[in-house]
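Fit chain B to the supplied structure of chain F, relying on the hints for placement.
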Amino acid sequence: MLQLKNIYFSVKDDDNNTLNILTDISYDFADNQFVVITGPNGSGKSTLAKIIMGIEKPTSGQIILDGEDITDYSISDRAKLGIGYGFQHPPRFKGLTVRDLLSTAAGKTIGNDQCYRYLTEVGLCSKDYLDRDVDNSLSGGELKRIEIATILARSLKVSIYDEPEAGIDLWSFTKLTESFKRMHKTQPGLVVIISHQERILDISDQIILLSNGAIKTSGPKAELLPQIIHETKTHCELQKIELEEDVKQNDFCR
Amino acid sequence: MTFVDKELLRQIADLHQTPKGAYNIRKNGEGIEKQSTANIEIITKTDKPGINIIVKPGTKNESVHIPVIVTESGINDLVYNTFEIGADADVLIVAGCGIHNDGSKKSQHDGIHHFIVGPRARVRYVEKHYGEGEGTGERVLNPQTIIDMAENSWAEMDLIQLRGVDSTKRNTKATLANGAHLVLLEKMLTHDKQVAESSMEINLNGEDAKVQVISRSVAQDDSKQIFYPQVMGNSKCWGHVQCDAIIMGQASVKAIPGITANNADAQLIHEAAIGRIAGDQIIKMMTLGLNETEAEERILQGFLK
Numbered sequence: 001m002l003q004l005k006n007i008y009f010s011v012k013d014d015d016n017n018t019l020n021i022l023t024d025i026s027y028d029f030a031d032n033q034f035v036v037i038t039g040p041n042g043s044g045k046s047t048l049a050k051i052i053m054g055i056e057k058p059t060s061g062q063i064i065l066d067g068e069d070i071t072d073y074s075i076s077d078r079a080k081l082g083i084g085y086g087f088q089h090p091p092r093f094k095g096l097t098v099r100d101l102l103s104t105a106a107g108k109t110i111g112n113d114q115c116y117r118y119l120t121e122v123g124l125c126s127k128d129y130l131d132r133d134v135d136n137s138l139s140g141g142e143l144k145r146i147e148i149a150t151i152l153a154r155s156l157k158v159s160i161y162d163e164p165e166a167g168i169d170l171w172s173f174t175k176l177t178e179s180f181k182r183m184h185k186t187q188p189g190l191v192v193i194i195s196h197q198e199r200i201l202d203i204s205d206q207i208i209l210l211s212n213g214a215i216k217t218s219g220p221k222a223e224l225l226p227q228i229i230h231e232t233k234t235h236c237e238l239q240k241i242e243l244e245e246d247v248k249q250n251d252f253c254r
Numbered sequence: 001m002t003f004v005d006k007e008l009l010r011q012i013a014d015l016h017q018t019p020k021g022a023y024n025i026r027k028n029g030e031g032i033e034k035q036s037t038a039n040i041e042i043i044t045k046t047d048k049p050g051i052n053i054i055v056k057p058g059t060k061n062e063s064v065h066i067p068v069i070v071t072e073s074g075i076n077d078l079v080y081n082t083f084e085i086g087a088d089a090d091v092l093i094v095a096g097c098g099i100h101n102d103g104s105k106k107s108q109h110d111g112i113h114h115f116i117v118g119p120r121a122r123v124r125y126v127e128k129h130y131g132e133g134e135g136t137g138e139r140v141l142n143p144q145t146i147i148d149m150a151e152n153s154w155a156e157m158d159l160i161q162l163r164g165v166d167s168t169k170r171n172t173k174a175t176l177a178n179g180a181h182l183v184l185l186e187k188m189l190t191h192d193k194q195v196a197e198s199s200m201e202i203n204l205n206g207e208d209a210k211v212q213v214i215s216r217s218v219a220q221d222d223s224k225q226i227f228y229p230q231v232m233g234n235s236k237c238w239g240h241v242q243c244d245a246i247i248m249g250q251a252s253v254k255a256i257p258g259i260t261a262n263n264a265d266a267q268l269i270h271e272a273a274i275g276r277i278a279g280d281q282i283i284k285m286m287t288l289g290l291n292e293t294e295a296e297e298r299i300l301q302g303f304l305k
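So the sequences go chain by chain: F and B. Per our numbering: the first sequence = residues 1 to 254. Per our numbering: the second sequence = residues 1 to 305.
Simulated from the structure, these hints should not be mistaken for laboratory data. A couple of the hints might just be wrong.
[As the list claims (entries may be wrong)] If you only want the chain B side, here are some residues facing chain F, beta carbon under 8 Å, derived: (1) 216; (2) 244; (3) 290; (4) 299; (5) 302; (6) 303; (7) 305.
[What the hints assert, rightly or not] The calculated DSS-like cross-link candidates involving lysine-lysine, where the alpha carbons are at most 27 Å apart (straight line), are: (8) B:236 - F:94; (9) F:94 - B:254; (10) B:305 - B:254; (11) F:108 - B:305; (12) F:94 - B:210; (13) F:221 - F:175; (14) F:94 - B:169; (15) B:187 - F:108; (16) F:216 - F:175; (17) B:305 - F:127; (18) B:128 - F:94.
Glycine included, each C-beta is placed from N, C-alpha and C at the ideal position.
The shape of chain F in the complex, shown without the other chains:
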């Protein structure tokens, strides 16, 4: 359904050296799947999500949606084809209300009932939020939940969420996880989530593990999740040992 073919992405640093952010990413996303892209910080997860949405252009490679090469399509063109993207750090808008934003997302003015449905799905009381501006008066968590509601308000073939859990409190996160589970059962389409959270990984069909800008491994959750958890724990223990060694070596500092 959505294919990434040999995607490379590089940038120049201040000294004009080439930094490779993504290296030879190829992956076939199947329709109606729930795919989580995970990996350490700096592994290129968010960049890959932005490349699918068109926010970043790959240095080389192709993006194919339902057989159509969309590599050179703009963000708006991709949005019109049914790709949506939930920001990790959503922007704020002075003067635009939650209702305005949901209506813009839906492509038409939507009624209270629909707004209520989308906001309830992300754990917000509709009557408290509909006429509020999407500005600095909202907390980071509220803003994030409204951002996710704007994705729900669209009929999408591909929904991408960039770290939906970031900035959300524990209660909302539990609610959000349940929402994702429910959406997966009831709504058609491919869902791609960038996440570090085990609970998000746990509700996925497929996991892609990125490391240093390349796909380290990918496969069904049942196979990959135990392996990732094991590696993460081992990695943490190694880090702990290194840290303790470091502290010992720097004892003289105290």
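Chain B in isolation, oriented as in the chain F frame:
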């Protein structure tokens, strides 16, 4: 009325037909239609151009429309309107001025409005300014608004400049008695080589007087805007001044909010922010299916709503 007249009235006062309630329509420097009601009397001034709008005490849920249109090039219209809002009244006043100038001469309308808001009265005033026309003649609007608020009165003044006004100098002065509450909402759009200057002087004289000044503006192309909102706290009072501007193209915006506390119990705050539309705001709108131009329009539309 001509098509141009109707279009101007729609732009400035959302009028599609003769308004209900009291009204006065002024065109090219002369009153052309006028109607009073049992509770709201409109009297033409005898000593100078303009009208007195007298709202009887206790009048509730009534409205007054006093739009002004200028359709001839070279008109210079100066008008003095006085609004006496009786005690405990609750009314909506819709004003505004639309200029259509197809000629080469300057068309100007300067409205000097004096509001006397009685005790416990509530008034919402909406004033929209708009200019259009293919001519090279300037479209100029220099409104002055003076507001005297009695104890425990409430007023919201929405002062809006839509587009097409080449030059404007706004001057707003308010004096608030005990418990009076004023909301001053100014919204302005300038484009091309237009210039706009807005000065405000709010005196919070009474105990528990309260003012909120909210200024939102968009400066496009080569236009210039200057804001001088000043709030004087002369008693135990509360004042908040917020100036936000979006700057585009080669425009310039200067905001100099001022607060002066002449009483130790005066609580006054000012904030001012000027900036371009953020890149991620445009991208967010584009991810919702709008193209770049539509995204910008949607953001500005919300900002100036």
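(request) Take the C-alpha atoms of residue 216 (chain F) and residue 175 (chain F), compute the straight-line distance between them, and say whether it is at most 27 Å. (result) violated, 31 Å
(request) Please verify that hint: residue 216 (chain B), Cβ, nearest Cβ of chain F, below 8 Å or not. (result) Holds. Min distance 7 Å.
(message) Given the hinted pair residue 187 (chain B) and residue 108 (chain F), is their Cα-Cα distance within 27 Å?
(response) holds, 26 Å
(message) Would the hint linking residue 305 (chain B) and residue 254 (chain B) be met if the CA-CA limit is 27 Å?
(response) It holds: about 22 Å lies between the C-alpha atoms, which stays within 27 Å.
(message) Take the shortest C-beta to C-beta distance between residue 290 (chain B) and chain F; is it under 8 Å?
(response) holds, 6 Å
(message) Does residue 127 (chain F) sit within 27 Å of residue 305 (chain B), going by the straight-line distance between their CA atoms?
(response) Distance ~21 Å between residue 305 (chain B) and residue 127 (chain F) Cα, so the pair holds.
(request) Report holds or violated for the interface hint on residue 302 (chain B), using the least CB-CB distance to chain F and a cut-off of 8 Å. (result) holds, 4 Å
(message) Tell me if the interface restraint on residue 299 (chain B) is satisfied: Cβ within less than 8 Å of some Cβ in chain F.
(response) Hint on residue 299 (chain B): holds, closest Cβ of chain F at ~6 Å, below 8 Å.
(message) Given residue 303 (chain B) as an interface hint, is its Cβ closer than 8 Å to any Cβ of chain F?
(response) Holds: closest Cβ of chain F sits about 4 Å from residue 303 (chain B), inside 8 Å.
(message) Checking one constraint from the list: CA of residue 128 (chain B) to CA of residue 94 (chain F), max 27 Å. Satisfied?
(response) Holds, at roughly 21 Å.
(message) For residue 94 (chain F) and residue 210 (chain B), compute the direct alpha-carbon distance and say whether it is at most 27 Å.
(response) holds, 23 Å
(request) Please work out if residue 94 (chain F) and residue 254 (chain B) have their alpha carbons no farther apart than 27 Å. (result) holds, 19 Å
Hint check: violations occur at hints 8 and 16; the rest are consistent with the structure.
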